[in-house]
Amino acid sequence: MNGAFVVLAGIKLPWPDYGSGMQTQSTLVNGSRNSQGVFIGQRIGRDQSKIEMQWFTLDAQLWASVLQVFETNFVNPVEYYDMVKGQVIIRNMYVNDRTARPGRINPQTGEWITAKDCKLNLIDTGG
Numbered sequence: 001m002n003g004a005f006v007v008l009a010g011i012k013l014p015w016p017d018y019g020s021g022m023q024t025q026s027t028l029v030n031g032s033r034n035s036q037g038v039f040i041g042q043r044i045g046r047d048q049s050k051i052e053m054q055w056f057t058l059d060a061q062l063w064a065s066v067l068q069v070f071e072t073n074f075v076n077p078v079e080y081y082d083m084v085k086g087q088v089i090i091r092n093m094y095v096n097d098r099t100a101r102p103g104r105i106n107p108q109t110g111e112w113i114t115a116k117d118c119k120l121n122l123i124d125t126g127g
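Under my numbering, the first residue of the sequence shown is numbered 1, with each subsequent residue one higher.
By construction, these hints were calculated from the structure, which means they are not laboratory data.
Glycine residues also receive a C-beta, built at the ideal position from the N, C-alpha and C atoms.
Hints are not guaranteed to be accurate.
Here are the simulated lysine to aspartate or glutamate pairs, EDC-like style, with alpha carbons at most 20 Å apart [claimed, not checked]:
#1 Lys12 / Asp59
#2 Lys85 / Asp47
#3 Lys116 / Asp59
#4 Lys119 / Glu79
#5 Lys50 / Asp97
#6 Lys116 / Asp17
#7 Lys12 / Glu71
#8 Lys85 / Asp17
#9 Lys116 / Glu52
#10 Lys50 / Asp82
#11 Lys12 / Glu111
#12 Lys119 / Asp17
#13 Lys119 / Asp97
#14 Lys119 / Asp47
#15 Lys119 / Asp59
#16 Lys50 / Glu79
Restraint ranges, calculated between C-beta atoms of paired labels, are given here [said to hold, decoys possible]:
#17 Gln42 / Gln87: 45 to 53 Å
#18 Lys119 / Ile89: 21 to 29 Å
#19 Asp59 / Ser32: 20 to 28 Å
#20 Lys119 / Ala9: 16 to 24 Å
#21 Gly41 / Asp117: 36 to 44 Å
#22 Ile105 / Leu28: 40 to 48 Å
#23 Pro14 / Tyr94: 19 to 27 Å
#24 Leu28 / Thr109: 42 to 50 Å
#25 Arg33 / Tyr94: 29 to 37 Å
Start from the sequences and build out the full structure, keeping to the hints where you can.
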């Protein structure tokens with residue numbers, strides 16, 4: 001991945017802030033409990049990942065280019081280190097909530113020069 005934390009549709013994302021980069025593995029199950037309260041069911045498909053990332057400050061153009069990836073294709077390939085497999089893998093993911101606020105602003109145009117508190121969640125499609 002050549003120094004990137006995550007590669008999203010070919011865009012190398014910078015390392016997230018310290019304390020960010022949380023990875024969650026979710027296991028889907030098809031089941032419930034029987035009349036004795038014992039779980040009955042089975043796993044559905046494979047485990048799925050969620051990656052939460054945050055940057056205190058990013059160049060506004062970079063932040064916009066990351067967000068624009070999902071305007072073109074809602075689901076994109078993401079290359080990342082999988083904590084369970086212990087290696088870098090590629091999965092198709094979509095973006096969930098993404099937030100930011102203006103940092104430096106061009107007073108003549110209102111254009112953001114930097115974006116602050118940039119956050120996004122990438123979620124495995126399971127496919």
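task: Tell me, in ascending order, the numbers of any earlier hints that this structure violates.
output: 8, 11, 14, 17, 19
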